[in-house]
Every structure is written in structure tokens, then in C-alpha cells.
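S.K.: Spelled out from the first residue to the last, the chains are:
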Amino acid sequence: MVGHQLAGNLIQGLILGAVYGMATMGLSLIFGVLKVVNVGHGAFMMVGAFLALSTFKLLGLPPVLAVPVAFIVGMLLGFIFYRVAIKKLIKGPELSSLLATFAFGIILEEVVKLIYGSEHRGYNWALGKFSLGVTVVPYTKLIAFVGSILVAVLLYVWFNRTKAGKALRSVVEDSEGARVCGINVEWEYALSFAIGLGLTVSSGVLLTLFIPVGINPYMGGHYTLKAFVIAVLGGLESPYGAFFGGLIFGLIENGSYLLFSSFPSLEPFAMTRFFSFVMLLIILLIRPEGLLKTK
Amino acid sequence: MPLLSLRNVTKRFGGLVAVNNVSFDVEEGEMLAIVGPNGAGKTTLFNLINGVFLPDEGTIIFDGHDITRLPAFKRAPLGIGRTFQIPRPFSSATVRENIAIGAMFGAEGKKTSVDRAMEIADHYIDLIGLSEHRDKPAGGLTPVEKKLVEIARALAMKPKLLLMDEAMAGMNPKDIDYIVDFVRKVRDEEKIAIVAMVEHIMRAVANLAERVVVMHQGAKLVDEETEKALTDKRVIEVYLGKPPEEKNAEG
Amino acid sequence: MLKVDKLVSGYGPMQVLWEPSLNVKKGTITSVLGPNGAGKSTLLWTIFGTVKPWSGKIYFEGRDITFTPPHEKVNMGMTLVPEGKHLFKGMTVYENLIMGAYRKEAEEKLQENLELVYTLFPILKERAQQKAGSLSGGQQQMVTIARALMTNPKFIMLDEPSQGLAPKIVLEVFETIVKLKEEVGLTILLVEQNAEASFDAADYIYVMHEGHFKAEGRPEDIRKSKEVREAYLGI
Amino acid sequence: MKAKKYLPFIPVFVAYLALFLIGETVSGIWQLIAMLAFYCALGQAFNLFMGMTGYVDFGYVAFLGVGTYGMAITISKLYSHGLGFGLIAIGFALAIVMSVLLSLAVGAVALRLRGAYFAIATIGVNEGFRYLIEGAKLWNGSEGIIFSGPLRMAFGRQTATVLTTFAADVFVFIIALAAAFITLVYMRGKVGYALTALREDEDAAKVMGINVTKYKIIAFITSAALAGLLGASAWALKLTYVYPPDVFEITYTVEAIIIVLLGGAGTLLGPIVGGLVYGLSKYLLAIILPGFQLLIFAPVIIFIIVTFPEGLVGFVKLKTRGTWLENYIV
Amino acid sequence: MAKRLFSVLTCLVFLFILGVGGAGAVTDGKIVIGHPACLSGKFAKAGEQATGGIKAIVKWVNEVYGGVSVGGKKLKLEYKYYDCESKKESVTSLLERLITVDKVDFTFAPYSSGLTLAGAPIAEKYGVIYMDHGGASDKIFKQGFTYIVQTIGPGSRYHEGTLDMLHKYAPNDKKLALVYEDSEFARAVMDGAREHAKKLGYEIVYEATYPKGVSDLTPLLSALKAKKPDIIIGGGHFVDGQLFNRQLADLDINPKALSLIAAATLPAFYDALGNLAEGVMGPSHWEYGVTYSEKAAKKAGLEWIGPSQDEFVKLFKEAVGKDIIPDYHAAEAGAAVLALVKGIEKAGSLDQDKVRKALGELKFMSFYGTWDIDETGKQVGHSMVDVQWQNGKRVIVWPEDAATGKLVYPMPTFAEKAKGKKALPK
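Residue numbers (this note's numbering), protein chains in the order written: chain A, 1 to 295; chain B, 1001 to 1251; chain C, 2001 to 2235; chain D, 3001 to 3330; chain E, 4001 to 4426.
What the hints contain is simulated information worked out from the structure, not anything from laboratory work. Hints may contain errors.
A few chain A residues facing chain C, derived, Cβ under 10 Å [said to hold, decoys possible]:
(1) 126
(2) 166
(3) 169
(4) 170
(5) 179
(6) 183
(7) 289
List of simulated lysine to aspartate or glutamate pairs, DMTMM-like, C-alpha gap at most 20 Å [unchecked claim]:
(8) B:1136 to D:3310
(9) E:4346 to E:4375
(10) E:4174 to E:4138
(11) D:3005 to B:1115
(12) D:3190 to B:1063
It should be emphasised that the depicted structure is a prediction, and the values quoted were computed from it without experimental measurement. C-beta atoms are modelled at their ideal positions from N, C-alpha and C, and glycine is treated no differently.
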């Protein structure tokens, strides 16, 4: 019985982990290229969640169609915010860009609140579900899972196989080197910020496929914290590392529950959180370059 | 007893042996130059002496203390000062504060109050001729001035041994002469042993050092009096390359 | 080919260049000599555009390019081989070279330039699939030069190509630079601390000190001038 | 020479005194002044570590949190022992002890890391600690501690009201002043020079004979102890309740960062200016445009950060260099 | 640059003067209610409802009721509110400003037990009545505050009615699971429910909590699934309730009855979950559709005050400018205004102590139900109703005298609901 539960939890954790992982890729990309910590990360995911909600509720379309829209919206927001502030701040003290992203987060939250109000919303896209014996998985979650992996793979291909992707990679490797090759480094910075936010906003859409409820302007906060932990698990600067970091995080979060629930005096959920943060500290101490980075 | 003595010191980075079984002594008040091309292991050697790295093998004795495993910050108060190849003054602090920091935490740091450290700093500022820049942030100085500040900062630590990493690299001859004279003077007055690391400015070596240690690929090649060392056949070979037929061996 | 007129620039509040003017003739190697901190690298970075000029003018083939952004300068056929190892260490040698042919015109001539590069540096062909970071210092310097050639330039600037290399490798690098002029027909602006090597390679020399040009002339003349050698070059 | 070193304390003292006197004389704005003092004190204590070392402790609020618990535990457990004002003193002492202990634990782990890794590790500590309290049901777990009643029983109605609505805020003023004074003493002493050195170049500092770990820890502990005291007064004594999610809320760290950066990191006057600008503008927007203030406030932050990257005081400091004001604006 | 700095500084000084001074409101001929509301931050949703509810009742008092009669004069009500951003620092300073600068006559607490507590000492200091409409913790009233007056009912009794009802409808389904948020409020509810369940002979097969801000309940639910409970009660706030219901559906866990506090009774709950919410219940302070009316008041021998339910809903929609149905946050805040009006009229004065005394003796019925406080200010008169979603509508199923429909038991399984089956009474 316990084995069944554990297997079920791990499967669910894997699915959630893929979504977490994809949700962290944008954060890592932006940090990797610009060394900017996006404190407003969760707010951008929230925008994606509202896009999914509107796609389904207002247009009556499958919410998954919001992914490309979200990507474009994220990129637009990225270019605007880059132009308005980040551009001037990346050369300044590292904290100033952090504050700017925090402020962007607030702006998004308040604008969304103006439009949608502060109600907790949700949608119900029923596609049925299938049983794996140990647990039941709705098809929407499967789509979230596959979608997350697909986005991660697409990003990988884009980075390693296309010219534009390689240009961005070269900027990460050495920006001066890229400049002498005729690459417009300023543009690449803006582009990576935009892509990073594009990924983040579209991950918000996929997240709602996993959890289609509780969508409200302030929902992003704890995803930001989780994303930080996941990013460090994966090496902070590597988007793929972040993806695998997410998988691991999902597994641990769901897997350790059974362990803690066998102690009646503990609140097991809070302990799984405690555990994941303790693990973060341990990893930072032994392998600050991240669990998955080979270099 | 020598001031500093290295015995069979080895340091590896992964598969690379950066310093290979090196032994030598430095006497009190001596001026020694460590010479060698880029990659010969000179900087690693310095880092081993002042504790930025710990050696894999061998021992380092300084002034009667075994300092082989001592952390860097505990070596400075024993009397080891250091300058860097690319000057690293504390940019936001003024020239005066930079030098005073040396006095505050150096060999006599424990006894030196902040005010006293400032007075010591003023003394060295005058000595290096940077009086007009006294209250300027060190970050705004020219590279040569930064180098001077760094040397003054190291001297303010009242070291018994001063390690100078490429102190003369990239300077014009006038400045080199100025620094050499200055360093000699301080050495004579304060009896500091000086170990200078030099890549290719032989002019400085000839003027400054009494003895030369030549490093090549991590190992000690030659340890001789200056004139003898500079005319040594092996040294010339290292510097001017091997005969043409062996040229492609590298890589 | 390149004309610089009373260029002024620096970092933050610190002025580094004090109105040096310079002229590079087509098909020549021009060398700027001087000690560390003289402003040589700043000069190159300002010409290339990474450092913004405060005042003064830069002309390339007669066009005013003072405020043209770097990537457009590469489009015009100008590039820079930076000091140290600004190559893409995590990518293979081949990928590094391909990045050099990033812009369209260069991409069209990719095969042609690749052959040229492999002829000039046969070792790079052998190591094409190796990570650039795993090469020796000299080979890394070759990759940066080769990558610059892949941009299909008319004019390249080299920033201290001998920096950190063993003396015999320095010789090889300079031989290559002369080949670039003579066989490929490039115009070259070279910045060096290593005066001896430059004397042999360069057609014209500027001596820089504290942001000013203190002397200029043909290598023989500079070499003869004891004053200049003593005061600025230390040889 | 000696006295001159402490001249910059004059404007700090005057600023806090003026704030205090305004609060005292203009009737009915004491809570506003108290809130401003809280933000100033928060910035001042945070700046002591962040401004001087360049390390950003994202989990800083945890120190305020444990300080709050220190006071809360003391009052709720010992109120019936007739300790009089000794009760408050014990509360403060426990707050210091707890925040210092936590800072030692955090320091041992996190201070080896730099940059973003340090920041994220400290977030981990803050969140982890909060979940430990809830998960292991430490100190009443998620139910928190409410101790208005015990406070009244210990001191009586009248005194309890004075304690919560006035004395707690006076303590905040004292903490702010103390933080500023310690900052100045550190700045002018060896600690400050050691910290400047390690902020600029940690390796070079080591070679200079500076025990960087020791000095980082000194600044870290001092800053944490001040935060503990601040929590004990501004959150425990003033509000008389503590719920874990309320006191480990990461927003307060972000606020501390905003305040310090608005004013100018590493400056003595910065946190006062930053705290006043931050507190007042939020307060006024809340009054003028209730519900929309954040929408206005966020762009203002971006504007200030872009225009004055070195902070308002940092900017003035640059402008007054070489004038007589130089000795006062630090 | 210097100019820019100068202008910034000038602005600051100006703002400071504005902030410190400010124009004191003239209170002659008006009664002003001050409220540091939560319009942004984590309680923004409840805050929006509460301000809407207060605005609606203020309008009713002024326009329909004709003002508050004090000493033969009819005084108009005025409502002044600021946004505290759901933060404790702002609560104290804004509350004081309302009392001292704006010179309001009476104050309202912000939302939640914590923020209510944060403001209480200030209200005490100035001796101003402090109407608690959103802080449900019993502990608030054990602290010895004198001026605090509660309208919302205490947490410990939230689920008592639910259990009574299920005990009556299905006396043989005894396997009960308790799953609550780990917060002070929800724990109080759970403790109350556990006590009551034991009295009724329920077997508690599973009991667990989850922390605030949880995003995936799967591990808990898979353990719950193994216990096969007949009845699940729990919840805590808005988000977790939606999540709980949703994930029960995802994992195909089918209790015969599901009752969630706070979340399940809100329109947003059904809006978010659609058909999956069919048959789900929740205890509520108030629901649109309750049968409190002037007639009911007469029957119970209580004085009636305030608008009818429909009137209130209409006024609320006008006040917020949106077509949304008010929920219990709005109703309890509105009812608090009514209590205050009644208290003032009864005291015949604006004197705080007299009004507080009058409130202590007051007992009345409004659209919100019965209102009665004990000597500590705790609400004891208000009873909860139990609501069930039936065919997209909230039907009041308990207590029987307020019920608008019959309980559907067992509720349809999630598989049936996903196919569109509604919870309809036979």
C-alpha cells in the first residue's frame, strides 16, 4: 500500500516537476546571460495563467493554445522592460536590476488586478483521465507534462542548432568575442531577456493545466521562491539544468511526504518544504555550481 | 637560519603540475628575482608562499614558523607582504586608506590604531610621491600609480619578506628605474627581503636582484648569482626558444 | 583606410585617450607601441566601438564611423582580435570559426574563408571538433585570429597578440600576421608591448604614452631613436 | 582628529531627533512617525551588513522573525512572575540571543558563498526556518503566539497601552540610532577598513592579513542582533502577536533592499533618506489613491533606480566631495 | 543632475508636509467611519468585498433609512478608507491617521485575525470602537481589549452544523476525514469539528493539515484515498479549497459529502471549478439566499434593521461598479455598519463608551442574521448556514429553518460530474 502511494506520488511529482522545471528555465536564462535575478518571476507566470484562463473562458478555446500567445506576450514585455530599465541597469550595481524586476512584478500584479479583480479564478477543461494503477492522471496534466518537455527540447534545439541560438550562446560564453564576430550584443541581451520572460509567461499557461484553480494576481510569490531553489539545483545559469532541477524538486517534494507523515507530531507538508530548503543549503555547500552541471 | 625556506614544494591542478618539487631559501634582507616565461609556475609559487593555495607536498618555513598549512590572513601578520601582477588596490577607498589598511592588518597591525595607521600611510604616500592624490579613490589612478599604491600598501605592512609579482611589467623604463631605486632604498632602510617575480624585463633583474632563481615548466632550473644566471645557457634557451627544428613540438 | 582624428575617451570619470590622431594606410601593418596603461587597448576598443568616444572622429574608408555600433563595423569589413582569450571556450574550434561567419556576407564566403584559415593554421583543422578551451595558449590565440578572418574582413585590429605566449610562439604569431598582410591582403592595426617583434613586422609605428602619441615613424627610424627607446619602450 | 571622525553622526542624530520631535509635538501622527522609524531602522540595520560587505542577505527578515519570537516567548511564558520591566529586558535579551544564534548558524553555512548564491542560500534559510517552525510545531507552530492579554496582566491596562503604542516605537528609534552609531564606529575603525577591503577584493584582503571570515561574521552578527531587537520591539511589543507567515515574509527583505538602495548602499545617511522616501511615499499614496498606490509606486522605484544608481545620498556624496559638507554626509 | 535632485527633495518635503498635516475632516453633522482596508496584497479579494459591503450599507443608511438619529438629529454616515496593502505596519499608521487626522468617529478593522490584532492596541489607546468584521480567532477576545466588537462568528463553530446535518441525513456513514489548512483559524475550526464529531460518534479515519500557499496536495490526497472516507470536511482559505476539490477530482477520490470552509461558498469557487463543484458544501456566515427577513425577525422576537437581502445585493453591485454577487465578507462588513448605527441610536450619543455599552446590550436581526456579542466583544448570536452547490446555485441546506432546499446526499462522483451530472435533489 505504502509502495503504491509512493509510486503514485512520484509520478505526480515527476509531472509537476517538469512544469516546475520549464517554469524555471526563463529565470536561469536571464541570469545566465544578463546576471539579472528576476525577482518578479512569479508575476510573469501569473500573467500566463490569466492568458490561459481568458483563452478558455472568454474565447472558449483550449487553454494550451495560449502557450504561443503567452510566449509572444512575454517577449513583448521583455523588450519593453529591457528598454525602459534593464538596459541601463545591467552595467550598474547588481542589486539595482533586481529591484527593477521586483517593481515590474508589482506593476504586472496591479495591472492584472485592475483588469480582472482580485478574485481567485479557475477553469475546468475536462478531457478525461487515465489510470496508471497507482494513480490517476488527467489528460490535461499529461499535456502540461509533454508541453513542458517539448518547450525544453525546442529551446535546446534552438540554442544548439540554429544560428540565432548559437549567437546567443556565444554571448553567454564571451560577450567581447561575440562582438568582434559582428554579433549585436546589445540586441542579444534584449533578446535573451525577452525569451526568458517568454518562457516564464508560457510556463504560467502550462502550470494552469496542472493546477487550473487559484488563479489570482498575487499567485506568483511562492513560485518565485521555488524557482530560485530549482535554479540553484540545476546550476543557476543553465536553462536545461533548471529543467532537470525542476524534475528533481518535484520528485523530492512529493516523495518525502510519506516519510514525514509517519511522524504524527510533524506537519508533513511543511517538513517537505523544510527538507527541500535544507537540501538547497547542502547542495550550495558541496556543489555550488549546481547538482547537474558537469563543468 | 634563512628567513624563508621552501623544501620540495609541489602543487598540482588536476593533471597539471604547476610547481614541481621546488626548494630554495631566502636570507634576511636579500633581494632575489624569480625569473621564467609565462606558465613557468611563478605565480603559483607566490600563491603557495602567501597562502592563497596550500601545497600538495613539501614544507614552507618562514621565520622559524612552519607555515605550510597556515591560512593566508595569518601569514601576513608574520611579515609576508605581497603585490599583484595586475594591481589590485581597493578601488573605492582613498590612497591613504589603502595604505593604512596595510598598516592596520600587517605585522604590527595588532598594535596599530586606525589613527596611527593613517600617519604611517602619510609617511609612505610622501615616500612614493603621491601626496597630491592622497584623498582620491584608488580606482581613479593610472596603472603606474596603482602599482605604487600597492607597493606602499605592502610596505606599510612592515613585512620581513616582500613578494612582488611582476612589479615592473608594462612600465616604461623611467618608472621602472624609479621603482627599483625606491624598493632598494626601502630595503636598505628596513632590511626587508624581497622576492620579485619577473617575466622578461631583464633590465630590472640586473639592477635589482642579487640572486636569480629561474623557473621552467614548474621546476627550478637555475639558482645562481644574477650575472651568472643571466648568462647561463639553459636560461637563454628557455627565453629565446629551442632551435628551429624542435619548434613544432609544442601543442 | 582608417583615420582617427583627435580621439578622446575613457571609463567613467577617467579620461584615457588624450586626442591621439592616427592614419592606417591600406595594405600595411601599423603598430602602436607603448607600456601597460598607455591607452593602447582603449584606443582599439574605442575605434571598434565597445568604448564610446567622448569626442574626436573616426573614419573608415572615408566614412564617418565614430558612433557606428560594433556589429555594423564588422559588416563594413572591420574586426578586432581581442587581447587574452576572448573565445568561446565551451564550443568546439569549428563552432568558434562558424560564429566568425555570423553575418550574411561572411556566411556566403564561409567555405572559402574556412579553407584559407585551415591553410594558415593546419592545426585547427586537426582540432576542429575539440573544445576551444582545451587548447594550449598559442592555439587559442590562433583560434581568435582565425575567427576574426572568418568575418571576411578587410581590416583587422590585433590587441597584444603576444600577450602571455612563450617567446618562440610569439615569433610564429608574428609570422602569421605578416602572412595576413602579404598573402591575404589585409590591412592591420596592431597594438603591442613587445617592441622588438613589432619592429620586424610593422610598416609604420606609433609610440603611445599616457594616452598621447609621443612619436611616430617607420620602424627603422623609431628603432634608431635612442631617446624614444629609452623613454618609452624600455629596450 | 578623533572627534572629527564622528561628525557625520550629527546629521543622523538631528534627523532622528527631528523625526521624533515632530511625532511628539504634532498630535496624532505618532504611528506614521513610528512606521517611518521602523523603515529607517530596518534599512540602517540591514545596511550595516549589506552596505559594508556587499553581501545581500535575502533571508534577513528571519532575524526579525526570531527576535519577535524571543519577545513573544518571554512575555507569554513569564508574564505571571512579577518581573516588572525586567520582563521586557529579558525579552530583548532573548531576542538578541536567538538572532545571534541564528546568524551564527546561517553565517557558518552561507558566508562561504558569494553573490547570487549567497542571496539564494539565505532565502533558503528564511523559508526553511519558517517551515521548520510550522512543520515541527516549534513555538506553537502555525498557531503563533498572541500575547496582548499576558502583557496587560503583567503591566496593567494603562502601561500595556503605553508600551505597545509608544514605548515600542521609542525602542525602534533607539535601535535605529544605535545601528547608525555602530555603523559609523565600524566605518571609522578597523572593522570598516577590513570590510571595505573585502568588499572590493576578497582575495587581496586575505593576503593583506585580513581575517575576512571574522570581519564578515562581526558585521553579520551585529546586523542580525539589531534585526532581532527590531523584531522584538516593532513586531512583538508593538503588535503583541506573532504568526510565522507574517514574520518570515520575504517582502520585508526586499523592502530593506529598496530602502538601502534608494538612499545609497554603504552610506550612513542613506537608510534614513531611503526609509523616509519609501515610507512616506507609500503612506501618501495609500491615502490619496487607496488601492492604486502600488501601481504608481513601482514605476517611481524604477525611475529612481535608473536615475540615481548610487542612491540619493550616494549621489549627494559624490556632488559634495571636496566641500565642507564632505565631513557630514557619509 | 543637481537640479533633478533638488526637485526630488522639494517634492519630498512637500509630500512630508502633506502627509503630516493633511486636512482634518469636519465631523459636524456627520458620522465618519474609518477603515484601513486591504485593497491590495494577499487579502485584496476580501478587502474589495468588505469595502463594497460597507459602502452599500452606508448608502442605504443615508438614503433609505434617512440617517442616524442622535439626539433628535438625523446624521449622515460617511465612509473613509485607505489601503493598508494587507501589511501590519500600514494598519497601525493608517488607523491612527483615521482617528487623529481625519477625526473619524468609529473604526473598522482590516481583514484577518493578525491584522485585526495589529490595529487593536491603537483603537484601545484612543478609546475608539473597532469593528472586527474579518478576524475570526477566538483568541482576539481573550486579550482584554475593550473597544473591539466582532460581527463574524468565532471559528470553533464553523463545522458543527455540517456534522449535525450529516448525522441526521446519513447516520450510518461514520468514516470522517479532517483535512485543514495549517493556520491558526483553520486549526480552531478543526478542533471544534473534532470535538463535535466525537460527540456524534464519528470515526475519524484520517486527519491532516497542509501549509498556506501549498500548490500540490497530491501526496496528502493519495494517503487520504487509501482511507476511503465517507465524509471529508476541511479547507482554510480561497485558493486551497479550490485546489483541494480539483485534486480530489483529478485523483478520483469520491466522498459522499465534502464540506470546505471559506472557499466553497464563494461564487468564484463554482466559477473556477464548474461542474466539479456540484454537491460540494461549505459552512458560511452568510449566503445570498438566506431567509433572514423582517418576518423571520418578528417570529424570533428580534428587532429588524437594514435593507432586505435583495436590496443589499443591488446596493453592493452599485458600490463596486461590477456585476458580482456579494459574499459573506461583504455581508459581515455591512452588518457591522448596521450594528454600529443601531448602537449609536440606542446610546443616543457618539460617546465611545456609551456606544460600546449599547452594542453590548444590542441584539437584532438583519439580512446577515442575528447579531449579539458577549462581554468581551465576541460574536455569539450569529449562526452559520450550510450551503451546497446544486445545479450551479448555492442552496442553503442547513439549519432547516433557514434552508432553501434539501441536501443532496451522497453527492455525485467526480466521474459523473465530469460528464455533466448535477447534484439535484430527488
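S.K.: Now tell me, hint by hint, if it's right for this structure.
M.R.: Structure-based check of each hint:
1. A cut of 10 Å between beta carbons decides the hint on residue 126 of chain A: the least distance to chain C is about 46 Å, and the hint is violated.
2. This hint holds: residue 166 of chain A has a C-beta 7 Å from the nearest C-beta of chain C, less than the 10 Å allowed.
3. About 7 Å separates the beta-carbon of residue 169 of chain A from the nearest beta-carbon of chain C, less than 10 Å, and the hint is met.
4. Because the closest C-beta pair between residue 170 of chain A and chain C is about 5 Å apart, less than 10 Å, the hint holds.
5. At about 5 Å, the closest approach between the beta carbon of residue 179 of chain A and any beta carbon in chain C falls short of 10 Å, and the interface hint on this residue holds.
6. The beta carbon of residue 183 of chain A comes within 6 Å of a beta carbon in chain C, closer than 10 Å, and the hint placing it at the interface holds.
7. A cut of 10 Å between beta carbons decides the hint on residue 289 of chain A: the least distance to chain C is about 14 Å, and the hint is violated.
8. The hinted pair formed by residue 1136 of chain B and residue 3310 of chain D meets the criterion: a straight-line CA distance of about 18 Å does not exceed 20 Å.
9. Taken as a hint, the residue 4346 of chain E and residue 4375 of chain E pair is honoured in the structure, with Cα atoms around 17 Å apart against an allowance of 20 Å.
10. Restraint check for residue 4174 of chain E and residue 4138 of chain E: not satisfied, since their Cα atoms lie roughly 29 Å apart, outside the 20 Å limit.
11. Between the alpha carbons of residue 3005 of chain D and residue 1115 of chain B the distance comes to roughly 10 Å, so the proposed pair stays at or under 20 Å and holds.
12. Among the hinted pairs, residue 3190 of chain D with residue 1063 of chain B is inconsistent with the structure: their alpha-carbon atoms are about 27 Å apart, more than 20 Å.
Violation of the numbered hints given earlier is confined to hints 1, 7, 10, 12; the remaining hints are satisfied by the structure.
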